[in-house]
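Chain by chain, the residues run as shown.
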Amino acid sequence: MTSKITALFAFTGMLLFGTPVFAQDHGHKEIHQEEQHLEHDDHPNHADNHEFEDDSSDIKAVVKETIAHHLADSYEFHVTDGVGFPLPVILLDDGLKVFSSSRFGHGHSVAEVNGSHYVLHHNKIYKTDANGSLSFDEHHHPTNAIPLDFSITKNVFMILVMAVFMVVLFGRMAKSYGPDKTPKKAGRFLEPIVIYVRDEIAIPNIGEKHYKKYMSYLLTVFFFIWFLNLVGMTPLGINVTGNIAITFSLALMTFIITQVSGKKDYWMHIFWMPGVPVVLKPVMAIIELIGLFVKPFSLMIRLYANMLAGHVVLMSIIGLIFVFGSWLVSPAFFGLTLVLSLLELLVAALQAYIFTMLAALYFGSAVEEHDHH
Amino acid sequence: MEIPEIVGAGLIVIGAGLGIGRIGGSAMEAIARQPEATARIQTAMLIAAALIEGIGFAALFAK
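Protein sequence lines, in the order shown, are assigned to chains A and B.
Take the first sequence: its position 87, counting from 1, is numbered 87 in this note's numbering, and each next residue is one higher.
Take any residue in the second sequence, note its place counting from 1, add 373, and you have its number in this note's numbering.
For the record, the hints were derived by calculation from the structure and aren't laboratory data.
Computed from a predicted model, the values in this text were never measured in an experiment.
Heads up, a few of these hints could be off.
Taking CB as the label site, the calculated pair distances span [stated by the list, open to error]:
1. B:Gly-388 with A:Thr-143: 15 to 25 Å
2. B:Glu-402 with A:Pro-204: 45 to 55 Å
3. B:Pro-377 with A:Lys-127: 52 to 62 Å
4. A:Gly-95 with B:Arg-395: 52 to 62 Å
5. B:Glu-402 with A:Val-79: 44 to 54 Å
6. A:Val-164 with B:Gly-388: 41 to 51 Å
7. B:Gln-415 with A:Val-164: 55 to 65 Å
8. A:Lys-209 with B:Glu-409: 49 to 59 Å
9. B:Ala-410 with A:Pro-88: 31 to 41 Å
10. B:Gln-415 with A:Val-79: 11 to 21 Å
Restricting the straight-line Cα-Cα distance to at most 25 Å, the calculated cross-link-like pairs of lysine to any residue (SDA-like) are [what the hints assert, rightly or not]:
11. A:Lys-60 with B:Arg-395
12. A:Lys-295 with B:Gly-390
13. A:Lys-127 with A:Lys-64
14. A:Lys-97 with A:Val-110
15. A:Lys-127 with A:Asn-144
16. A:Lys-295 with B:Pro-377
17. A:Lys-212 with A:Leu-169
18. A:Lys-295 with B:Ile-376
19. A:Lys-64 with B:Arg-395
For each residue, glycine too, the CB sits at the ideal point set by N, CA and C.
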């Protein structure tokens, strides 16, 4: 029973935490660095991505902007020119406002909803007046008010799709077990992986006594990260795990579960480390406290940086084909991209494994009971 | 990016590369000594490599 509650908590937590934490993400570093190169370009058109000029620095700017647009979250699901659908925008600003992001007209028009006006500037929604005017400060950041944003953006949409997919997949797999306890169809592929997570990740780290409570969370996190990483490798431009808010939510949930399940030994080891002279105990407490927060932080950064760096490198090498524009070296770049994509497939599974293993390690250290000498 | 940033990024990559290289090297030696423990050594090597890579990326992104 408790494992079902943990699983429910994990799913709803992922959905709930992912949405508002992203939508108020004002400091997306990658985008800001790209934007500083394009200060004079106020309306990045999609059509511009296909116009190549002879000036090579212009190509580089176009490539950078394409990469940034590909990796950033957006309020519409844009596959290619003309193929794509707008996603609902849900704002909480003097009442709930729900409208389709097509009203933003790719960032050109002002959306008018029940008397309030909103405009989309560099993928953020600002409250404005009927003319769509934005007041900028000295860093070219708009100083308009920002409504509370609970929209279904591309990343949230993909999380929901992935959640439904995983529920259907694993639900059917669980039901397909007949009286002979052998798996059928997709279960034949997934059962060894589930057993691997249980026998190599959960039991060695958490111990025989308590591992069952955490199995559902570990399995969820493992398959969630793995499948989302794989989806990010497709050319649809769905970069979920490369979004720091998503990995932040995952790390936050791991942190919460660790602290909630901490036993007396765990807290003793943090604040009042046994076996250490009394003079050093406060010092150890501070160090352990810092370590307490650094560990989930590193979980977040590790997944985020691995995925984002992989995508940026791959797309930059493809962009090099356009920058050089010569028939001779393009096959070399193509081959390099192919090899690196294979490496990225390995990294996708590896990062999921590492996240799950470290989460199991933290859970294990929280629930382990020493026999003190 | 200015010169100090570039030098810093290069140092970070050197550090991460050296660390992971050493781990890979000792893992290979261990596998050569005891081939039947290859699976466990590989697992431990990947875990250590991922941790070091995590530090490397964190440093790179904090620059």
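Here is how each hint holds up against the structure:
1. B:Gly-388 with A:Thr-143: 15 to 25 Å: violated (41 Å)
2. B:Glu-402 with A:Pro-204: 45 to 55 Å: With a Cβ separation near 24 Å, Glu-402 (chain B) and Pro-204 (chain A) fall outside 45 to 55 Å, so the hint is violated.
3. B:Pro-377 with A:Lys-127: 52 to 62 Å: At roughly 40 Å between Cβ atoms, Lys-127 (chain A) and Pro-377 (chain B) fall outside 52 to 62 Å, so the hint is violated.
4. A:Gly-95 with B:Arg-395: 52 to 62 Å: holds (60 Å)
5. B:Glu-402 with A:Val-79: 44 to 54 Å: This hint holds: roughly 49 Å between Cβ atoms.
6. A:Val-164 with B:Gly-388: 41 to 51 Å: holds (43 Å)
7. B:Gln-415 with A:Val-164: 55 to 65 Å: Between Gln-415 (chain B) and Val-164 (chain A), where Cβ atoms are some 35 Å apart, the hint is violated.
8. A:Lys-209 with B:Glu-409: 49 to 59 Å: violated (30 Å)
9. B:Ala-410 with A:Pro-88: 31 to 41 Å: violated (54 Å)
10. B:Gln-415 with A:Val-79: 11 to 21 Å: violated (39 Å)
11. A:Lys-60 with B:Arg-395: The hint is violated at about 37 Å.
12. A:Lys-295 with B:Gly-390: OK: Lys-295 (chain A) and Gly-390 (chain B) at ~22 Å, within 25 Å.
13. A:Lys-127 with A:Lys-64: With a Cα-Cα distance of about 28 Å, the restraint between Lys-127 (chain A) and Lys-64 (chain A) is violated, given a limit of 25 Å.
14. A:Lys-97 with A:Val-110: holds (15 Å)
15. A:Lys-127 with A:Asn-144: The given pair, whose Cα atoms are some 6 Å apart, holds under the 25 Å limit.
16. A:Lys-295 with B:Pro-377: Violated, at roughly 29 Å.
17. A:Lys-212 with A:Leu-169: holds (21 Å)
18. A:Lys-295 with B:Ile-376: violated (31 Å)
19. A:Lys-64 with B:Arg-395: Judged against 25 Å, a Cα distance of about 35 Å means the pair is violated.
The structure does not agree with the numbered hints 1, 2, 3, 7, 8, 9, 10, 11, 13, 16, 18 and 19 stated previously, though it agrees with the rest.
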